[in-house]
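Given only the sequences and the hints, what does the whole structure look like? Please build it.
In case you want the letters, here they are:
Number of protein chains: 2
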Amino acid sequence: MVTWNNLDTLASYQKLAGLKNRVSVADVMSGDNGADRVTRYSAPMAAGLSFNYAAKEVDDEILNVLAELAKEQQLADKFKELYNGAIINTGEKRLVLHHLARRQMGDAVIVDGVDKREFYVSQQEKAADFANKVHAGEITNAAGEKFTTVVQIGIGGSDLGPRALYIALENWAKENDALKMEAKFISNVDPDDAAAVLKSIDVSRSLFIVVSKSGTTLETLTNESFVKDALKKAGLDPSKHMLAVTSETSPLAKSDDYLAAVFMDDFIGGRYSSSSAVGGVVLSLAFGPDVFARILAGAAEEDKLAANTDILENPDMLDALIGLYERNVQGYPCTAVLPYSQALSRFPAHLQQCDMESNGKSVNRFGEPVDYVTGPIIFGEPGTNGQHSFYQLLHQGTDIVPLQFVGFKNSQIGMDVVIEGSTSQAKLCANVAAQIIAFACGKDDENPNKKFEGGRPSSIIIGDQLTPESLGALLAHFENKIMFQGFLWNVNSFDQEGVQLGKLLAKRVLAHETDGALKAFSDLLDI
Amino acid sequence: MVTWNNLDTLASYQKLAGLKNRVSVADVMSGDNGADRVTRYSAPMAAGLSFNYAAKEVDDEILNVLAELAKEQQLADKFKELYNGAIINTGEKRLVLHHLARRQMGDAVIVDGVDKREFYVSQQEKAADFANKVHAGEITNAAGEKFTTVVQIGIGGSDLGPRALYIALENWAKENDALKMEAKFISNVDPDDAAAVLKSIDVSRSLFIVVSKSGTTLETLTNESFVKDALKKAGLDPSKHMLAVTSETSPLAKSDDYLAAVFMDDFIGGRYSSSSAVGGVVLSLAFGPDVFARILAGAAEEDKLAANTDILENPDMLDALIGLYERNVQGYPCTAVLPYSQALSRFPAHLQQCDMESNGKSVNRFGEPVDYVTGPIIFGEPGTNGQHSFYQLLHQGTDIVPLQFVGFKNSQIGMDVVIEGSTSQAKLCANVAAQIIAFACGKDDENPNKKFEGGRPSSIIIGDQLTPESLGALLAHFENKIMFQGFLWNVNSFDQEGVQLGKLLAKRVLAHETDGALKAFSDLLDI
Chain A
30 MVTWNNLDTL ASYQKLAGLK NRVSVADVMS GDNGADRVTR YSAPMAAGLS
80 FNYAAKEVDD EILNVLAELA KEQQLADKFK ELYNGAIINT GEKRLVLHHL
130 ARRQMGDAVI VDGVDKREFY VSQQEKAADF ANKVHAGEIT NAAGEKFTTV
180 VQIGIGGSDL GPRALYIALE NWAKENDALK MEAKFISNVD PDDAAAVLKS
230 IDVSRSLFIV VSKSGTTLET LTNESFVKDA LKKAGLDPSK HMLAVTSETS
280 PLAKSDDYLA AVFMDDFIGG RYSSSSAVGG VVLSLAFGPD VFARILAGAA
330 EEDKLAANTD ILENPDMLDA LIGLYERNVQ GYPCTAVLPY SQALSRFPAH
380 LQQCDMESNG KSVNRFGEPV DYVTGPIIFG EPGTNGQHSF YQLLHQGTDI
430 VPLQFVGFKN SQIGMDVVIE GSTSQAKLCA NVAAQIIAFA CGKDDENPNK
480 KFEGGRPSSI IIGDQLTPES LGALLAHFEN KIMFQGFLWN VNSFDQEGVQ
530 LGKLLAKRVL AHETDGALKA FSDLLDI
Chain B
30 MVTWNNLDTL ASYQKLAGLK NRVSVADVMS GDNGADRVTR YSAPMAAGLS
80 FNYAAKEVDD EILNVLAELA KEQQLADKFK ELYNGAIINT GEKRLVLHHL
130 ARRQMGDAVI VDGVDKREFY VSQQEKAADF ANKVHAGEIT NAAGEKFTTV
180 VQIGIGGSDL GPRALYIALE NWAKENDALK MEAKFISNVD PDDAAAVLKS
230 IDVSRSLFIV VSKSGTTLET LTNESFVKDA LKKAGLDPSK HMLAVTSETS
280 PLAKSDDYLA AVFMDDFIGG RYSSSSAVGG VVLSLAFGPD VFARILAGAA
330 EEDKLAANTD ILENPDMLDA LIGLYERNVQ GYPCTAVLPY SQALSRFPAH
380 LQQCDMESNG KSVNRFGEPV DYVTGPIIFG EPGTNGQHSF YQLLHQGTDI
430 VPLQFVGFKN SQIGMDVVIE GSTSQAKLCA NVAAQIIAFA CGKDDENPNK
480 KFEGGRPSSI IIGDQLTPES LGALLAHFEN KIMFQGFLWN VNSFDQEGVQ
530 LGKLLAKRVL AHETDGALKA FSDLLDI
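If you're matching them up, the sequences are chains A and B in order.
The opening residue of the first sequence carries number 30 in the working numbering; numbering runs sequentially from there.
The opening residue of the second sequence carries number 30 in the working numbering; numbering runs sequentially from there.
Don't take each hint at face value.
Stated by the list, open to error - Computed beta-carbon distance windows for the label pairs: (1) A/243 to B/477: 16 to 26 Å; (2) B/529 to A/32: 49 to 59 Å; (3) A/228 to B/474: 37 to 47 Å; (4) B/555 to A/173: 42 to 52 Å; (5) B/552 to A/286: 49 to 59 Å; (6) B/231 to A/319: 30 to 40 Å; (7) B/552 to A/319: 43 to 53 Å; (8) A/540 to B/395: 56 to 66 Å; (9) A/338 to B/395: 38 to 48 Å; (10) B/477 to A/319: 17 to 27 Å.
Said to hold, decoys possible - Facing chain A, from chain B, some residues (calculated, C-beta under 8 Å): (11) 64; (12) 81; (13) 113; (14) 116; (15) 118; (16) 148; (17) 216; (18) 218; (19) 220; (20) 255; (21) 268; (22) 359; (23) 386; (24) 446.
If you are wondering where the hints come from, they were derived from the structure by calculation, not from laboratory data.
Heads up, the beta-carbon is just placed ideally off N, CA and C, and yes, glycines get one too.
In structure tokens form, the structure reads like this:
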């Protein structure tokens, strides 16, 4: 039986709080000791990845206390409860089952007589079957031509995760003859978003996936209408070009407006839905069902590691614990995610949602205000680009920002050039290694303007190549890290009440039922 | 004569520090007073934009003290010194002349006998002339075919600004028959970046612009070689496909490897170079020289406002001062930039560089450590997308993040659809108005999980439409805001010593001249 306690009630947390500023990264990363840390402070991840935390502000004593904290806050037990079907999302009284969409975790979870694992598998198979038929030319447009493009219409979790994963594998897929269809995404209610996408494609050869769990997301329904108008104007029957990904109880579920409907349910939150039909339909159409299955396999392998009780063998839990130390003891408000991989250009935006929407809360899971800070601000861009941009502040600014690097030994496409004796890939990897040390150790200089204080902690996830498996492992790592941090802070990471007020007020503006400042702003904007 | 003083030596700053938590945004934005503030707390900007700060934590008394601070720190005088050619970049002993590239500011600036205004104008004319010849088919490929694509090869300031501006106007240009050539960008040393771009274009119909002030930027030279290889493999002569944008003293300047070289100089920093040849060549090729001139005209009009001594008639200075109050008195470490315009999707990334690289400093302009915080962390994504993502934390997280909204009354493309009685554009605008009030005023609720504290300050820049002029004004507004904040903090906003150490260590890694932790990481990454 698990108990849900606030972080600041835990003896191990009080002990941890006494270890503030214990480790100087500049000191411990110097000399032979630094090299030794690089070897020792590394945890294997799935799909050949490894999580290296040598340049974090931890030592064996802090790690021991973090292990106590993991135990006292029952992280492993809570994860087990979660994947075995407890009502972890207490606010909405829901189970949290995105791990089950990766198939392997835990016991059978039966809800209202439905085996949820079988349900998710059946939806994956439906998506795979549909994709295979499209690829084989068994499902075509009215003229009997193959569909060449798939357009995802969704916002938030129905957009950021699937889009980040598509961009991450697009070039890999081209190199590996796995790009079956080009994918595009329409998300914003800004009409220029849909208009620009529609102008860039041949609508007669395009399939559109309307993704909304409730079937009531205003942006998505608006963009669906936008697309239907365009199809009709092109003399096409929208129902022969559109699919729905939605819940079985949604208005979209049994409509004749769609070629097919693939189902999700309330037990997989939007920001965790890349592994469900939300990611599955578009990625199976774009890359084929096998590639999507490989992403899930990588994620499932990482999930298994996340169940380990030894934090040193659980990279997801360990990352969460170190992040908690940085946020609550060291007091750092932000974390930067810095992948040295252009293919991961939108991965930070996905993590920004996943993390900030999950743990950006001020009340605990019982609705009581907490007396400590919770989720940090997450931002990031790929390196080496960021080095020529905001890294200046990271190196020499007045605030310390913990860093999360990601790097791969090999590129996806394999085209390269040797300049000054090294390939571009070697330069890319040399830069990330150099940055870790530059941030950690700094450099003294007579001129204070050229001085680097160092003491700026980072970790790095290293892999051989960004493949479907390693991408899935990366995705699951961060999902699990965020989940564990939610357990540590005792918040409900699976609701998002903070998005409701804006929606409500926007409706009032559109109904012209406003006064005061809201009416004044509406007037300024000519609404 | 101006004097350069640290912020904390100023009497007006001490007075300001005594006004911490003076204004509750939730209180002042309620009722009739809120409507009144929306009307009063607005400053006209160039190109029909306006800067509305009604929902900021200020009142008339704070504004008075901010005006005193502006005067005591001599913001207007310092700006005047800058645009009249003083050596403002003291670290590198350079003038700071990006305003002059917009033509109108100040006296003649003569350096080594060269009138710099004439120099920048001459380079714009060279770029315009070249672009006109390409568009007219006077400069073609070897087969006599017109060039259809332009690829910018550059990183940092040579990438983010021009790319953000191109994306901002791409759809506008298509609607206004101004899209002359498609533009692409190669920046990252990750070989997959260049490879993916090269695979997406017809190299025989493409022009490539190599952008490097020094002519020694490793990423850019590497990617240039990458492109040259591809051109040679396609049986093409690279020198007939490439241009250089560089300084007159760079190795690229007088090389036969390029069709033309357009010059910049050391007095326009990379992150402020969108108005120079760095933005001018690619944007003139993509949209035509007239459109680029319109961007500059909008920027120049905003620059003129930035010279006003009355802060209430100087939106750039006012924004800077309010930001300083938030950062140094209220203690907020971040600022989010949230444009309600999909076209501005990469504008936050450009501002992130411009701001964090300029003011992410710990020493003043004399190289002495400062005892106060300087530049904040900047991040952002377009709305309404962000509403379904990280806004949860902004509304209900434990930290307050000041917000900078941008909104336009009209879309760029003009395609729209009416759903539930309103257009998409109206929904977009209704959402940004609603968010300002939701953040400011919050909402009480019996259930603390559904409660919104409010008290989260924001400002909004409102315009009719995103056009070349309003985009130029927007660009200049933020550049000037950052400059004024640099003056306030007494830092040198125009150098970036913080990027050097990483470069140095990366070279050592590539030369295999490392030991300790750096060698250990290099080994892990197979370098």
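Hint check:
| no. | hint | verdict |
| --- | --- | --- |
| 1 | A/243 to B/477: 16 to 26 Å | 24 Å, holds |
| 2 | B/529 to A/32: 49 to 59 Å | 52 Å, holds |
| 3 | A/228 to B/474: 37 to 47 Å | 43 Å, holds |
| 4 | B/555 to A/173: 42 to 52 Å | 50 Å, holds |
| 5 | B/552 to A/286: 49 to 59 Å | 57 Å, holds |
| 6 | B/231 to A/319: 30 to 40 Å | 32 Å, holds |
| 7 | B/552 to A/319: 43 to 53 Å | 34 Å, violated |
| 8 | A/540 to B/395: 56 to 66 Å | 58 Å, holds |
| 9 | A/338 to B/395: 38 to 48 Å | 55 Å, violated |
| 10 | B/477 to A/319: 17 to 27 Å | 47 Å, violated |
| 11 | 64 | 4 Å, holds |
| 12 | 81 | 7 Å, holds |
| 13 | 113 | 25 Å, violated |
| 14 | 116 | 15 Å, violated |
| 15 | 118 | 12 Å, violated |
| 16 | 148 | 25 Å, violated |
| 17 | 216 | 5 Å, holds |
| 18 | 218 | 5 Å, holds |
| 19 | 220 | 4 Å, holds |
| 20 | 255 | 5 Å, holds |
| 21 | 268 | 18 Å, violated |
| 22 | 359 | 14 Å, violated |
| 23 | 386 | 4 Å, holds |
| 24 | 446 | 5 Å, holds |
Going down the numbered hints, you'll see the structure goes against 7, 9, 10, 13, 14, 15, 16, 21, 22, while the others check out.
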